[in-house]
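Visitor: Sequence:
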Amino acid sequence: MKRVHVAAAVIRDSSGKILIARRADTQHQGGLWEFPGGKVEADESVETALARELHEELGIVVSAARPLIKVRHDYPDKQVLLDVWEVSNFTGEPHGAEGQPLEWVAPRDLPGYEFPAANQPIVAAARLPAQYLITPEDLETPALLRGIQKAIAGGIKLIQLRAPNGYDPKYRDLAVDAAGLCAGKAQLMIKGPFEWLGDFPSAGWHITSAQLRKHAAAGRPLPASRWLAASCHNAEELALAEQMGVDFVTLSPVQPTLTHPGAQPLGWEQASALIEGFSKPVFLLGGVGPAEQQKAWAAGAQGVAGIRAFWPDSLV
Numbered sequence: 002m003k004r005v006h007v008a009a010a011v012i013r014d015s016s017g018k019i020l021i022a023r024r025a026d027t028q029h030q031g032g033l034w035e036f037p038g039g040k041v042e043a044d045e046s047v048e049t050a051l052a053r054e055l056h057e058e059l060g061i062v063v064s065a066a067r068p069l070i071k072v073r074h075d076y077p078d079k080q081v082l083l084d085v086w087e088v089s090n091f092t093g094e095p096h097g098a099e100g101q102p103l104e105w106v107a108p109r110d111l112p113g114y115e116f117p118a119a120n121q122p123i124v125a126a127a128r129l130p131a132q133y134l135i136t137p138e139d140l141e142t143p144a145l146l147r148g149i150q151k152a153i154a155g156g157i158k159l160i161q162l163r164a165p166n167g168y169d170p171k172y173r174d175l176a177v178d179a180a181g182l183c184a185g186k187a188q189l190m191i192k193g194p195f196e197w198l199g200d201f202p203s204a205g206w207h208i209t210s211a212q213l214r215k216h217a218a219a220g221r222p223l224p225a226s227r228w229l230a231a232s233c234h235n236a237e238e239l240a241l242a243e244q245m246g247v248d249f250v251t252l253s254p255v256q257p258t259l260t261h262p263g264a265q266p267l268g269w270e271q272a273s274a275l276i277e278g279f280s281k282p283v284f285l286l287g288g289v290g291p292a293e294q295q296k297a298w299a300a301g302a303q304g305v306a307g308i309r310a311f312w313p314d315s316l317v
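The sequence shown begins at 2 in our numbering and counts up one residue at a time.
It is worth saying that the hints were derived from the structure and are not from the lab. There could be a bad hint or two in this list.
Claimed, not checked - Within a straight-line C-alpha distance of at most 20 Å, the following computed PhoX-like cross-link-like pairs (lysine-lysine) qualify:
1) K215 with K186
2) K40 with K3
3) K3 with K79
4) K158 with K18
5) K186 with K151
6) K71 with K296
7) K151 with K40
8) K18 with K186
9) K40 with K18
10) K40 with K71
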């Protein structure tokens with residue numbers, strides 16, 4: 002069965018809302034919502050196909066777009082490759098040129114709409130930022146909390162509370178305070194034993210590669226309404242993350258780092274190849290920061306993750 006190559010778009014307006022369209026009842030996966038786009042013809046580039054489809058379907062002309070995610074999905078009757086781009090600027094007023102209903106939706110509300118299964122990683126990518134802050138391990142609690150507060154004020158939307166020294170009561174108390182600081186402003190990701198899951202209902206969970214190897218076969222340990230991420234370093238761990246049903250991963254180390262001097266870096270070429278075979282959002286980690294964000298996008302990643310590269314300067 003030949004895989005159908007589709008160009009699709011996460012289109013944002015000036016307020017950050019995202020445009021979705023409802024598929025006609027007569028179409029494959031009819032009646033469900035989707036991100037606008039269409040088939041890439043044999044002689045077309047993805048960018049050309051995307052521009053053509055959005056003009057035909059919505060009457061808009063794309064003026065700024067970048068790669069967001071590639072998703073391979075096998076339905077019983079069809080195999081698809083969704084080549085998804087984020088459109089941040091366009092001209093024209095979007096309308097359903099083919100009679101399809103449209104809606105502008107806040108990213109946080111996307112899970113309330115029914116999408117085809119292949120679109121679920123796109124829903125996650127559309128809701129996630131391009132930067133993922135991991136907190137430093139060598140700060141006292143007051144400084145750490147001040148840093149989280151300052152990072153949120155600076156625009157950070159996704160924060161992992163790092164737990165380098167195991168899951169002790171001190172970390173648990175810190176997580177309570179961090180959750181309070183993040184409430185309504187940023188998504189907090191906690192690291193810890195699954196026994197704690199019920200104690201932090203607003204937090205997502207970022208599992209270690211050891212936890213991933215131990216628990217992947219048991220499936221997802223928390224509901225779809227809560228974020229689940231995993232630390233991955235190779236193709237085997239990415240496959241386990243897929244099996245567990247995580248929402249996104251970090252892939253590391255891309256380049257040599259001070260925190261893990263003995264780890265063999267993947268390099269950009271290998272990192273890109275690993276992302277190519279994985280249909281979930283990926284944050285690249287290890288020797289990267291805001292300066293590498295464009296390069297990470299070009300490699301197929303959601304964005305970049307880091308510790309000191311994102312930590313407020315005056316508090317490092």
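Visitor: None of the hints should be skipped; say for each whether it holds.
Guide: Cross-check of the supplied hints:
| no. | hint | result |
| --- | --- | --- |
| 1 | K215 with K186 | 33 Å, violated |
| 2 | K40 with K3 | 13 Å, holds |
| 3 | K3 with K79 | 8 Å, holds |
| 4 | K158 with K18 | 16 Å, holds |
| 5 | K186 with K151 | 12 Å, holds |
| 6 | K71 with K296 | 16 Å, holds |
| 7 | K151 with K40 | 44 Å, violated |
| 8 | K18 with K186 | 17 Å, holds |
| 9 | K40 with K18 | 24 Å, violated |
| 10 | K40 with K71 | 14 Å, holds |
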